[in-house]
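Trainee: Take a look at the letters that make up each chain.
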Amino acid sequence: MRFSNFSLWRFFPYLVLIVFTAPLFVVLASLFGEYSENWAHLFEYVLVDYVSTTVTLVVGVSVLVFLIGTTTAWIVTNYNFLGRNVFEWALILPLAMPPYVMAYTFTGLFDPYGDANNLVRDFFQLSNETVVFPNFRNVYGAIIVFSFTLYPYVYLVCRSAFLNQSKSMKEAARILGLSQIQVFYSLALPIARPAVIGGLVLAIMETLSDFGAVDHFAIQTFTTGIFRTWYGMYDLGTAMQLASFLLLTIGILFLIERSARTRRNYTSNNSSFSPQSELKLKGLNSLIAFSVCLLPLLIGFILPILELVQWAYQSNLAFFNQKFFITAFNTLSLAICSGIICAYIALLINFSMRFAPNQAINKLSFLLSIGYVIPGLILAVGLVQLYLYLDNSILQSSKFFLTGSLVGLVLAYIIKTYASANSSIESGYERLSKSLDNSARVLGAGSWTLLRKIHMPLLKTSLFTSILLVMSDVVKELPATLILRPFNFDTLAVSTYLYAAEERMHQAAAPAIAIVVVGLIPIILLTKMIRESRVSVKNDN
Amino acid sequence: MTTNVLKIEQLSYSYIGSNRVLDNLELEIQAGERVGLLGPSGCGKSTLLRLIAGLEKPDVGSITILGNLVSGHRAMVPPENRKVGLVVQEKALFPHMSVKDNIIFGIRKEKNKNKVVSDLLEILKITSLSEKFPHEISGGEQQRVALARSIAPAPKLLMLDEPFSALDQSLKNELYSEISKVISEKQITILLVTHDVDEAKILTDRQLEIADLQKK
Numbered sequence: 301m302r303f304s305n306f307s308l309w310r311f312f313p314y315l316v317l318i319v320f321t322a323p324l325f326v327v328l329a330s331l332f333g334e335y336s337e338n339w340a341h342l343f344e345y346v347l348v349d350y351v352s353t354t355v356t357l358v359v360g361v362s363v364l365v366f367l368i369g370t371t372t373a374w375i376v377t378n379y380n381f382l383g384r385n386v387f388e389w390a391l392i393l394p395l396a397m398p399p400y401v402m403a404y405t406f407t408g409l410f411d412p413y414g415d416a417n418n419l420v421r422d423f424f425q426l427s428n429e430t431v432v433f434p435n436f437r438n439v440y441g442a443i444i445v446f447s448f449t450l451y452p453y454v455y456l457v458c459r460s461a462f463l464n465q466s467k468s469m470k471e472a473a474r475i476l477g478l479s480q481i482q483v484f485y486s487l488a489l490p491i492a493r494p495a496v497i498g499g500l501v502l503a504i505m506e507t508l509s510d511f512g513a514v515d516h517f518a519i520q521t522f523t524t525g526i527f528r529t530w531y532g533m534y535d536l537g538t539a540m541q542l543a544s545f546l547l548l549t550i551g552i553l554f555l556i557e558r559s560a561r562t563r564r565n566y567t568s569n570n571s572s573f574s575p576q577s578e579l580k581l582k583g584l585n586s587l588i589a590f591s592v593c594l595l596p597l598l599i600g601f602i603l604p605i606l607e608l609v610q611w612a613y614q615s616n617l618a619f620f621n622q623k624f625f626i627t628a629f630n631t632l633s634l635a636i637c638s639g640i641i642c643a644y645i646a647l648l649i650n651f652s653m654r655f656a657p658n659q660a661i662n663k664l665s666f667l668l669s670i671g672y673v674i675p676g677l678i679l680a681v682g683l684v685q686l687y688l689y690l691d692n693s694i695l696q697s698s699k700f701f702l703t704g705s706l707v708g709l710v711l712a713y714i715i716k717t718y719a720s721a722n723s724s725i726e727s728g729y730e731r732l733s734k735s736l737d738n739s740a741r742v743l744g745a746g747s748w749t750l751l752r753k754i755h756m757p758l759l760k761t762s763l764f765t766s767i768l769l770v771m772s773d774v775v776k777e778l779p780a781t782l783i784l785r786p787f788n789f790d791t792l793a794v795s796t797y798l799y800a801a802e803e804r805m806h807q808a809a810a811p812a813i814a815i816v817v818v819g820l821i822p823i824i825l826l827t828k829m830i831r832e833s834r835v836s837v838k839n840d841n
Numbered sequence: 028m029t030t031n032v033l034k035i036e037q038l039s040y041s042y043i044g045s046n047r048v049l050d051n052l053e054l055e056i057q058a059g060e061r062v063g064l065l066g067p068s069g070c071g072k073s074t075l076l077r078l079i080a081g082l083e084k085p086d087v088g089s090i091t092i093l094g095n096l097v098s099g100h101r102a103m104v105p106p107e108n109r110k111v112g113l114v115v116q117e118k119a120l121f122p123h124m125s126v127k128d129n130i131i132f133g134i135r136k137e138k139n140k141n142k143v144v145s146d147l148l149e150i151l152k153i154t155s156l157s158e159k160f161p162h163e164i165s166g167g168e169q170q171r172v173a174l175a176r177s178i179a180p181a182p183k184l185l186m187l188d189e190p191f192s193a194l195d196q197s198l199k200n201e202l203y204s205e206i207s208k209v210i211s212e213k214q215i216t217i218l219l220v221t222h223d224v225d226e227a228k229i230l231t232d233r234q235l236e237i238a239d240l241q242k243k
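Protein sequence lines, in the order shown, are assigned to chains X and U. Residue 783 in the numbering used here sits at position 483 of the first sequence; the count goes up by one each step and never skips. Residue 217 in the numbering used here sits at position 190 of the second sequence; the count goes up by one each step and never skips.
Honestly, the hints are just simulated from the structure, not real lab data.
List of simulated lysine-lysine pairs, DSBU-like, C-alpha gap at most 35 angstroms: (1) X:K753 x X:K663; (2) X:K828 x X:K734; (3) X:K753 x U:K136; (4) U:K213 x X:K734; (5) U:K140 x X:K760; (6) U:K140 x U:K199; (7) U:K138 x X:K753; (8) U:K199 x U:K84; (9) X:K734 x U:K183; (10) U:K136 x X:K734; (11) U:K138 x X:K734; (12) U:K152 x X:K760; (13) U:K159 x X:K760; (14) U:K199 x X:K753; (15) U:K140 x U:K84; (16) U:K84 x X:K753; (17) U:K110 x U:K242; (18) U:K84 x U:K213; (19) U:K84 x X:K663; (20) U:K136 x U:K110; (21) U:K159 x X:K753; (22) U:K110 x U:K159; (23) X:K734 x U:K110; (24) X:K734 x X:K663; (25) U:K140 x X:K753; (26) X:K734 x U:K152; (27) U:K183 x U:K84; (28) U:K159 x X:K734; (29) X:K753 x U:K213; (30) U:K199 x U:K242.
Facing chain X, a subset of chain U residues (Cβ under 8 angstroms, in silico): (31) A80; (32) L82; (33) V111; (34) E117; (35) F121; (36) H123; (37) G133.
Every residue, glycine too, gets a C-beta built ideally from N, C-alpha and C.
Turn these sequences into a full structure, and let the hints steer you where they fit.
Mentor: Structural data, given as structure tokens:
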């Protein structure tokens, strides 16, 4: 045998890369196509709004996410105060809350006749016309919603960076005359800068990708613009051209994030590392630290959950009807199916890169994960165009169509969630010694035997984690599902969106709660890692 | 008539972006021979074993095992088809398999696998460990299992890459005598890589300096 297996393993990552990036090239190719007369309308009436609102949103979210993420991370890593051990992991809970669900609950709470206004009016016996809380259905409301659901991206990376900063380095700074606060902003933050930028960029990309929340607040952003151009003007070409501009912006952010990630290492410990010491806070200081950490948790998780529970309570749990169970079954089937396929693709890609190392694919492999940062809406736009082409050419003679099929939808999920699946498998492989492969091969194991008998049993946990992470992402995914789903096929996210669009919030509660519960799965996994990380930092030293 | 188990001609190898670690190396090993390869750290001893096992591809030169060209111009037989054994310092036992399953791995398709395994377990005095997992046994016991696993498929050439360097002297002495016994019984051809001259003298009949094998 002359390495015949190698060609198969070398070829596989390229095949996947072509499939994953094809919809993006389809979208970008539209830039070189004809520009319809709708562009004149867009230029004259809405494009300036799309750009200015999107920029305002991004700037606002960046500032708030930076402030919340860095401050809370600094407090929980450097101080011991009331509830610190709980806040350490609880501060990531808002990640389980999709921004669109929080947007629904916030309008339910703070609209003029929302529950929060009603509660305050009743308590203080105010007139029915009195509105206590400001209107959230605008760009500033959206900034609050995105900031309080996305700050954990910055919190997580900062916490890890701060935890790895040496105590002796900070002590030296104190001796040289810096106050505790100065150590934070003139030493710890600059050192953690690459990590902070990485976290910020992730939050910005999520903001740019969102469709559900901005649509609910009726804000004119690029994503709502793409959707309206497509479904309102019935102009897919112009929608794709708009999507291309957003895609190029996100591409640049993606490269910034990657570069930030490669530079993140300089925050890690060195040979003279000595671990964090925690300053014990008492009295008022402890209360201030407690309040600063509670606020984002309250706004980003507790309040929305309370509102969802309130809706559920008001409807006497009547939403647990046949329709809910069918929707939940649809969602779960799609999530499991996508999770298993995606995890095995990630396994095969990682295996092929290990078994038949190839410099070209090593350099290009980051493109496999690009689906994670591509807005579901843009992915759907590209896939629809691609599916239409395939249905009208290669698949024309068959009875099978990709457009509006479950296969087409699952492919979209796989592209979108590959990064989540890959992260778990990749770290599993990093822990697997290469000498095991060498021994197995010298003992006569070919590629498949090596994969089946050695790697798969040893990567069981990584595979399982990978499936769970994909499932959680799939359950939350809204825009791609909305566009690519088969006719009359609802998922929990679509169902929540449709109910919310009709302001039937009580009925939206059940699918929304189910989405949050599934979203908690990766949070629980992260929580476990967070708890272990502090122990390991202590043990390492 | 003696048979060439291994023949290496004009072998050169360099890591990507670095100097040549092996240059124009020549080596012949006859059947039943026990050869010790000596040299300081970083001189390419382990790399040579990896090249023979097919885990690396030479830049130039050829490797022939039992008359078959396995590495050379346009030839690269994968490790699983070379019929060689390799024991390394870190043992590389499969952590999810019992001692018995580890030893069976290389002969899993053979009918007499259970007999081969029980014989090896007995010879290496590890019968009581057969159902245990690698993390449940000591370093010396792990090395015995790694050796048994490599011997089980009856390799034409068994390569040992500093297999005892992590063990203490008393354990080494114990293993030397056991391994010598197994090698003699099974008439295995050995290529031992070590930086310990005494170890090479105990376990092998011919000791070579790797620098002397490279023709300038």
